[in-house]
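Chain by chain, the residues run as shown.
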Amino acid sequence: MRITNLLEIKSVTCTKQERCLFESLSFSLEAGQIMQIEGPNGAGKTSLLRIISGFARPDEGEIHFSGQSISDNYDEFAAQLLFIGHKTGVNGQLTAYENVCHWLRVHGCHVDKRAYDLLSLLGLVGLEDVPVRTLSAGQQRRVALVRLWLNNAKLWILDEPFTALDKKGVKQLQTRFAEHLAQGGAILLTTHQDLTTHFTALKTLVLEYQF
Amino acid sequence: MWKWLHPYAKAERAYQLCNTLMPYFAVVTVVCLVVGWVWGLAYAPADYQQKDSYRIIFIHVPSAILSMGAYSSMAIAAVIALVWQIRNAELAVIAIAPVGAAMTAIALITGAAWGKPMWGAWWVWDARLTSELILLFLYLGVLSLYHAFEDKKSAGRAACILAVVGVINLPIIHFSVEWWNTLHQGATITKFDTSAIDSSMLWPLLINIAAFAGFVGVVTLIRLKNEILQCERHRPWVRELVGRGE
Amino acid sequence: MQFESLNEFLAMGGYGFYVWLSFGSCAAILLALFFSSLRDGSKLRHEVRAQMKREERIKKAKQQEQV
Amino acid sequence: MTAQHSYWQLFTSVYSKDVTLAFRQRSEIVNPLLFFLIVITLFPLAIGPEPALLKRIAPGIIWVAALLSTMLGLDKLFRDDYNDGSLEQLIASPYPLSLSVLAKVFAHWTITGLPMVLMAPMFALLMNLDSQALGATVLTLLIGTPLLSFIGAIGAALTVGLQKGGILMSLLVLPLYIPVLIFATSAIDTSSMSLAYGGQLAILGAMLAVACVCAPIAISSALKVSVS
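Protein chains in written order, with our numbering: chain U, 5 to 215; chain H, 31 to 276; chain P, 7 to 73; chain Y, 15 to 242.
A portion of the hints provided could be inaccurate.
As the list claims (entries may be wrong) - List time: in silico DMTMM-like cross-link candidates among lysine to aspartate or glutamate, alpha-carbon distance up to 20 angstroms:
| hint | chain 1 | residue 1 | chain 2 | residue 2 |
| --- | --- | --- | --- | --- |
| 1 | U | 91 | U | 80 |
| 2 | P | 59 | H | 262 |
| 3 | H | 182 | U | 79 |
| 4 | P | 49 | P | 61 |
| 5 | Y | 178 | H | 181 |
| 6 | H | 182 | P | 46 |
| 7 | H | 183 | U | 27 |
| 8 | U | 91 | U | 76 |
| 9 | U | 14 | U | 212 |
| 10 | P | 59 | U | 102 |
| 11 | H | 183 | U | 212 |
| 12 | U | 20 | H | 262 |
| 13 | H | 40 | U | 27 |
| 14 | H | 182 | U | 64 |
| 15 | P | 65 | P | 46 |
| 16 | U | 91 | Y | 203 |
| 17 | Y | 69 | Y | 144 |
| 18 | H | 182 | U | 34 |
| 19 | Y | 178 | Y | 64 |
| 20 | Y | 90 | Y | 203 |
| 21 | U | 207 | U | 64 |
| 22 | U | 207 | U | 42 |
| 23 | U | 14 | U | 64 |
| 24 | U | 175 | U | 212 |
| 25 | U | 20 | U | 42 |
| 26 | U | 14 | U | 66 |
| 27 | U | 91 | Y | 94 |
| 28 | H | 40 | H | 208 |
| 29 | H | 81 | P | 46 |
| 30 | P | 49 | H | 262 |
| 31 | H | 183 | U | 63 |
If you're looking for bench data, these hints aren't it; they were derived computationally from the structure.
Here chain U stands alone, though its shape is the one from the complex:
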């Protein structure tokens, strides 16, 4: 049975530095849906994603995940959440493989040989044991994006996942999105590019810049 309304945003308000970013914003996301958040710079896309991920608190309103408020039991929500922000959480001093392994252990996933294979699948052959800081911006992002293949989270929250990726990378990523949606997951992402693949369950949310 499918759980409907995986994620529910209930009249969320956020003000930053005396400026109201959005007021009484409500929407919901079902399993199998992908939502693209659009809007000009400074409209509050990142702030919204950070509120939904539970890093920031909304001024008003609540976020519900599978019918439960996320602030009530954050660790349970976190087990179902995959967040990749502007800052990807990849350490420049460690190698790509070490980074992936560390992430897996911290998130309670099993570490196996699959991580190594995935790095080569994402075009990082021969770069697995090089410190990440020596890689290019796009390659560094791929190191973070490997997580998309290695987690069992239901909800993905991705802030500008396509930044610095080449066309092939973007395509690979969207194929993975489709797989995740087919397995009953949900995706929330911001991007300035349009998605090239056609998703039937695509919703868009436009945030306006408010004064």
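Keeping the supplied structure of chain U fixed, place chains H, P and Y upon it in accordance with the hints.
Below, chains H, P and Y without anything else, positioned relative to chain U:
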């Protein structure tokens, strides 16, 4: 009690509560301050050992008591703010901190001015003065942490956490300083033996304590009102209030 | 009254400097805190009023544009 | 996979990451130690080399130097993780943040505190301490430095989001270090008079136990504030 208290989590109600409470505190402050100072300075008898210099006690002791009292009420507000996530409690923490810091500063200055004729030095590493000095550092820490943040919402919560950490440490610091003091100086002359105090001196002292408490109350309320206005400035009720010229 | 004359009162039995220093600095700190708190409040109200007027002007300008 | 097993996995993973990183950039381990050594060298130069005087003030100097060199590493404790986004990943992990924080504090202690404890006999010799006081110095550093790491981490967590948090952090943290300083130096003092100093050590131990339980909670809530 919870049902009665809960409406005050709303900013507008809290603001009104401040307004209703303020006159009482103001009257207590003005009356007690005038009576206490005149009585303390002119009518209380001179101490047979310390002569007239002991009159400093009428402001030193109240400010010292209130500096601790303000810190504990700040910490209580901080706990409420963190546990129940009530924004007004956070604002109260920020409102009390400068008042408490001022009380601590008064206690330090008067302590030094009293120490000079009594011990012959402006500053003596006496246990009580040292604790007061550390308390001042704790207050300044909370204040500078609050002002270092650009986002005032995070600033408030950070200040609350620091206040709670401080209040857990305060008894340990106090105890360790007392202990350090006895270790290094032997039993020093205690400035004032409160048990032996005569009622002709006790009454003005109590009145002064009430005056200082009232003052802390009044200024905290004024500052709390400011903080509430500051954070609710875009709300219609603030606009209506300011429009009425209040 | 413990003191015979004003001079005696001011001298405080030889401790006048210390006593008046304490009371003076105490009064100064209390007054400074009190008035700075009041001033903060009136400044804030002033700012809110200015903001309201600014918004009204913007509103008016928009209305005129439409006309 | 049992829950207990994965808590352990989280702890070791966070711990080993920080320690590995420190070993890759040796300066992180070496610099606080050098600082410690230089501060201790400065005192005899400033106040004169009489052995009796040095012996008298040695506990204070060693401990003040220890406080200051612990502060050096603290600013870096959460800074890198904050800047590269690892902190967000730790928060968004299914495990409680306080556990990861505990691992990070232990890592900090391994990097800065432990080398100081190991080097303490040498410093004690420089300051003319006798063997009794030397034992006390090592013991107080062993119990006291983790305490410094715990308390300091609270300050570091509160200021990690600020551009110039370093100085502010020392302002916040140093007053909280006072009890540690008092009990540790007095333990060394007492021991050099050939008296029992178990009481002071017990108090330090009790404070460490309390910090072990309470500090991770404070640190993790401070980190959540800094990240938001």
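Consistency of the hints with the structure:
1. U:91 / U:80: violated (23 angstroms)
2. P:59 / H:262: Status holds; Cα separation ~17 angstroms.
3. H:182 / U:79: violated (27 angstroms)
4. P:49 / P:61: Distance of about 18 angstroms is within 20 angstroms: holds.
5. Y:178 / H:181: holds (15 angstroms)
6. H:182 / P:46: Holds - the C-alpha atoms of residue 46 (chain P) and residue 182 (chain H) are around 17 angstroms apart, at most 20 angstroms.
7. H:183 / U:27: Answer holds: residue 183 (chain H) to residue 27 (chain U) is near 17 angstroms, not above 20 angstroms.
8. U:91 / U:76: violated (26 angstroms)
9. U:14 / U:212: holds (19 angstroms)
10. P:59 / U:102: Given that 20 angstroms is the threshold and the Cα spacing comes to 59 angstroms, the pair is violated.
11. H:183 / U:212: violated (23 angstroms)
12. U:20 / H:262: Roughly 13 angstroms separates the two Cα atoms, so the pair holds.
13. H:40 / U:27: Holds, at about 19 angstroms.
14. H:182 / U:64: Within the cut-off at roughly 16 angstroms; holds.
15. P:65 / P:46: Since the Cα atoms of residue 65 (chain P) and residue 46 (chain P) sit roughly 29 angstroms apart, the hinted pair is violated (cutoff 20 angstroms).
16. U:91 / Y:203: violated (50 angstroms)
17. Y:69 / Y:144: holds (8 angstroms)
18. H:182 / U:34: Given pair residue 182 (chain H), residue 34 (chain U) is violated - Cα atoms ~35 angstroms apart, limit 20 angstroms.
19. Y:178 / Y:64: violated (41 angstroms)
20. Y:90 / Y:203: violated (33 angstroms)
21. U:207 / U:64: violated (24 angstroms)
22. U:207 / U:42: holds (11 angstroms)
23. U:14 / U:64: holds (9 angstroms)
24. U:175 / U:212: Since the Cα atoms of residue 175 (chain U) and residue 212 (chain U) sit roughly 28 angstroms apart, the hinted pair is violated (cutoff 20 angstroms).
25. U:20 / U:42: Holds: residue 20 (chain U) and residue 42 (chain U) sit about 19 angstroms apart, inside 20 angstroms.
26. U:14 / U:66: This hinted pair holds, its Cα atoms lying about 5 angstroms apart.
27. U:91 / Y:94: Judged against 20 angstroms, a Cα distance of about 11 angstroms means the pair holds.
28. H:40 / H:208: Not satisfied, since the Cα-Cα distance of roughly 43 angstroms exceeds 20 angstroms.
29. H:81 / P:46: At roughly 42 angstroms apart (the allowed maximum being 20 angstroms), residue 46 (chain P) and residue 81 (chain H) break the hint.
30. P:49 / H:262: Holds, at roughly 15 angstroms.
31. H:183 / U:63: holds (9 angstroms)
Violated hints, listed in ascending order, are 1, 3, 8, 10, 11, 15, 16, 18, 19, 20, 21, 24, 28, 29; each of the other numbered hints is respected by the structure.
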